[in-house]
Amino acid sequence: MPPPAKVLVRRHSAIVRVTHWTNVISLFFLLLSGLQIFNAHPALYFGQASTFGQPWFATGAYQGHDGRLHGVTMIGRQVFDTTGFLGASQEGRATVSRGFPAWLTIPSHRFLALGRRWHFFFAWVFALNLTLYLASALLNGHLRRDLAPTKSQLAPGHVLHEIWAHLRLKFPKGEEARRYNVLQKGAYLGVVVVLLPAMILSGMTMSPSLDAIFPFLVDLFGGRQSARSIHFITASLIVLFFLVHMVMVVLSGTWNNVRSMVTGRYAIEVEPPPAPALGDAP
Amino acid sequence: MTLPRRAWLKAAGASLAAAFLSGCDQITENPGVVKALSSAEVLNRRVQRLLGRSALAREFTRADITPNFKANGSTDPPDADYQALVAENFASWRLVVDGLVERPLSLSLDQIRALPARTQITRHDCVEGWSCIGEWTGARLGPLIDMAGLKPEAKHIVLHCADTLGDAKYYETLDVFDVHHPQTILAYAMNGAPLTVPHGAPLRLRAERYLGYKQAKYLMRLEAVAAFDHIGGGKGGYWEDQGYDRYGGI
Chain A
13 MPPPAKVLVR RHSAIVRVTH WTNVISLFFL LLSGLQIFNA HPALYFGQAS
63 TFGQPWFATG AYQGHDGRLH GVTMIGRQVF DTTGFLGASQ EGRATVSRGF
113 PAWLTIPSHR FLALGRRWHF FFAWVFALNL TLYLASALLN GHLRRDLAPT
163 KSQLAPGHVL HEIWAHLRLK FPKGEEARRY NVLQKGAYLG VVVVLLPAMI
213 LSGMTMSPSL DAIFPFLVDL FGGRQSARSI HFITASLIVL FFLVHMVMVV
263 LSGTWNNVRS MVTGRYAIEV EPPPAPALGD AP
Chain B
14 MTLPRRAWLK AAGASLAAAF LSGCDQITEN PGVVKALSSA EVLNRRVQRL
64 LGRSALAREF TRADITPNFK ANGSTDPPDA DYQALVAENF ASWRLVVDGL
114 VERPLSLSLD QIRALPARTQ ITRHDCVEGW SCIGEWTGAR LGPLIDMAGL
164 KPEAKHIVLH CADTLGDAKY YETLDVFDVH HPQTILAYAM NGAPLTVPHG
214 APLRLRAERY LGYKQAKYLM RLEAVAAFDH IGGGKGGYWE DQGYDRYGGI
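Residue numbers (the working numbering), protein chains in the order written: chain A, 13 to 294; chain B, 14 to 263.
The reader is advised that the hints may include incorrect statements.
Said to hold, decoys possible - SDA-like mimics (lysine to any residue), calculated; alpha carbons at most 25 Å apart, straight line: (1) B:Lys83 - A:Gln60; (2) A:Lys185 - A:Tyr278; (3) A:Lys18 - A:Met273; (4) A:Lys197 - A:Thr266; (5) A:Lys185 - A:Val28; (6) B:Lys182 - A:Ala125; (7) B:Lys248 - A:Ala52; (8) B:Lys83 - A:Asp78; (9) B:Lys23 - A:His82; (10) B:Lys248 - B:Lys23; (11) B:Lys23 - A:Leu116; (12) B:Lys23 - A:Asp78; (13) B:Lys182 - B:Ala127; (14) A:Lys185 - A:Arg22.
What the hints assert, rightly or not - Not the full set, but computed from the structure, chain A residues with beta-carbon under 8 Å of chain B: (15) Ala52; (16) His53; (17) Ile118; (18) Leu124; (19) Arg129; (20) Phe132; (21) Thr143; (22) Leu144; (23) Pro220; (24) Val230; (25) Leu232; (26) Gly234.
To be clear, the hints were calculated from the coordinates, so they are not data collected in a lab. Even for Gly, the Cβ is constructed at its ideal location relative to N, Cα and C.
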């Protein structure tokens, strides 16, 4: 059988490519400076104000009988030993009490003021970039044409079929690879329409000045401390998306995917016409 | 054989990681980089003041008050002058209002209590991330400053405080922009009782649209100025001198 022919198709428009990489850069700095800011008070609450005795999530450190510092993480009523990662970790040569470890924060040591400078600078880059992306996606039809699932894609049988195919690492080929499959569409739409905007809005809700200007934001999230929790949860979901995204990029062809997001060209395999049957049939 | 090698690998890995992190920090803390990043502070201040000149911070009910409002920063100033004032229950304490004003003032606590007052139950947001709700009663700053009469060249009010934190006196700066905001008050009472020492007795600022570090405690003197680069570290506040943004609205 002759090998399937490869065709380069135009997959990503210039605006998608530019905003994608701007997003990567700003989310990188936002995450690491955000963890620095989290470390200033590594506890999360729901509601308008902090209920100091009862955070739903917190990290901390205690001195054990062995004289060493142990890190603990509390989620609800569950307490976990997370020494070395959360609560207590290495800073230089010493183990110190800190929320997230030095290699995950900007700067590496405790410096809230500088973490805020990095965070608010890239918050503007991120917000303007997302606005540009969403405005162009609405106007040029990208959202409707490429991301909105079609009626047939949404049929339960089709969705289950796609999940089963993904679990077996079988990805669409040929004509089907020209468009996103329903799981891709769901993931991308969820990120660009729900998670990323929620990140910006919950971040704005933590600003006392913006709360005075947009009081409905505080109601939307159920209070400033709820907004801080939702900011953290949403960031975690974006990290989860990133990890799955990386795995899928590698499994479905690293080079082809990276090229498509840099040059816009994506190779798909087109099945050749079926070869004539050989003469050994009965 | 394996153990020393493993230990060596671990040590090499750790020193590589440390070198990497200090390399990163050289970039993230580079003064030129920090200066460029700080342009976002100007943007935040300009946009937020454009959108909401006189927007009011949300006010809550007594039921929302946080039972144990956290006191942060100085909670018992070590300064001898201040301790002497505490000992005599602030009888000889005076608030000085001077600088670029037509009529400098020196006001006792009773005189301040007689000024137009406001009570507000608001959310206090610490830059660290936590929030507490409390009720504040105090003299509105606008009428008080009008008594002194600001000179046209005055741009900021420097709030000089009694407490030494670390090795510097605490101070803050408030823009003239915020002086007449209805929720900008000099509070002498919290949750219906006279202000306690941990919360800034006898008088503290409440400017509700800003973070906790702007709410200067232990007030001694309000100085109207055109510029603040000659005061403290020159950045417009105790925490500002340590690298925090002076705007403090986000």
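I'd like to know which numbered hints this structure contradicts. Please list them from smallest to largest. 8, 10, 13, 21, 22, 25 and 26
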